[in-house]
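J.: Chain by chain, the residues run as shown.
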Amino acid sequence: MRNLLEFIINHSHLLLFLLLEVVAFLLITSRQSYPQSTVLTASNRVVATTNQTADNIAAYFHLRKDNEDLNAEICRLQQQVQDLQNQLEPLTEQPNDSASVYQYAHLRYRSIPAKVIDLTTNHQQNYLTLNKGTQDGIAEGMGVISDKGVVGIVGRVNERFALVIPIIHTSTHLSARILKNGHLGFTHWNGYDSHQIDLMEVGRHISVSMGDTIVTSGLTPTFPEGLLIGVVDKVRLEEGDNYYTIRVALSVDFHQLRYVQVLDNPSAVSMQQLVDSALVNNE
Amino acid sequence: MNNTAKHIIRLVVLIILQTLLINNLHWLGIFHPSIYIIGLLLLPATLSRTAELFIGAAIGLIMDSIYSTAGAHMAACVAVAYFRPLLICQLIQDANRIGTQVCSASIGTRQFVILALLMIVLHQALVLFLEAWSFDHTGWLILSTLCSAGVTFLLAWLYDRTQR
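Protein chains in written order, with numbering that gives the first Met the number 0: chain L, 0 to 282; chain H, 0 to 163.
Just chain L, with the same shape it has in the complex (with noise of 0.2 angstroms):
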């Protein structure tokens, strides 16, 4: 007894190192099994105001830019306004059946316009802060896509925050689909170049391209169909492999992301009641 107290004694530095090293590592798993630990999110609300405060000073400094940016927006979208009014003359003159499923599939997805107040995109897993929490109607699950494409998903949320894991962040995986063939396959960042994502899962049968458009499956029930992704940049097929290497370059260019919109699905939940229902029957 007196040895073993006179050891801990002796050695109380290395043992205090080696309980602290522990805690970290006990940090380090648990993340990698539950990606946005409690830790994070309680003291992401300091980080994320500190850096609210950081970007309302920056924001200063490309005013003419999202200014510019803004503009293009509004251009597009009165374009748009007027395609769909072009499209809407002949449907309204004779109502019928097929105008109620054009109407259902635009009310399906609410978007709620955001701000990105900070973002990685060096690391291994990197996220996304927006300027909307709860209050604002966004909650965990929810797509997020900006005017140029996917973005990510919704994984934790507070009153005022929401944090976002985009699609380059590795244990993120999407299903998508190659537009020109409808085939599918799930996208899966390699943790290196946030302009780049890899397709998986495509067999050697299917032809694919460079050039051809990745759009989201539609699947899910976070992102609608047909949402741009990327498109195919270099296609790879080793002798003897089952499936394509197929890199695509994303379409969303995340150092320059500042407004993004995030989705919200009614039916989201309803759709996930009958998933889970289903599950429960055959066990």
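Hints listed in this document are in silico derivations from the structure and should not be mistaken for laboratory results. Model, not experiment: these values are computed from the prediction. A hint or two may mislead.
Quick partial rundown of chain H residues pointing at chain L, CB under 10 angstroms, derived from the structure [claimed, not checked]: (1) T18; (2) W26; (3) P43; (4) A56; (5) Y66; (6) A69; (7) P84; (8) W132.
Between beta-carbon pairs, the in silico distance windows are [claimed, not checked]: (9) L3(L) x L46(H): 21 to 31 angstroms; (10) S269(L) x L145(H): 21 to 31 angstroms; (11) V11(H) x D82(L): 50 to 60 angstroms.
Ideal Cβ positions, reconstructed from N, Cα and C, are used throughout, including at glycine.
Start from chain L and add chain H according to the hints.
T.: Here is chain H on its own, set in the frame of chain L:
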């Protein structure tokens, strides 16, 4: 200026610089310098080892919450806080020469360079490897460690020059 206040202000300034400046620069995706470690590196050599370990853990946790890296910075900072006093004892044979300041003027240029390089590379390597949590891209991580540590060392060296 009061020595304690000087150390605290230096740490706070470095953490703010790290968060608001370094974190927002994207240097080819390969430079992730952790400049705040300079504050830990230059703590007084006479600091109690227990206090140093707790300071290291606290700074690590702060950086983890800023970078959303849960534990990687903490593990690296604690390692630096543990090995720094051991290395200082090894480097300086003449016990009388250990002053409170850790700088090239008081411990010698060669000793300071060895100490700074080893601690910065140790810290940088731990942060990057623990954050990646795999050995899939070891070559890339080693390159990134060396580039980032180089930048941090250069800053530590320049800071040391200004203190002469």
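J.: Okay, which hints does this one fail, numbers in order?
T.: 3 and 10
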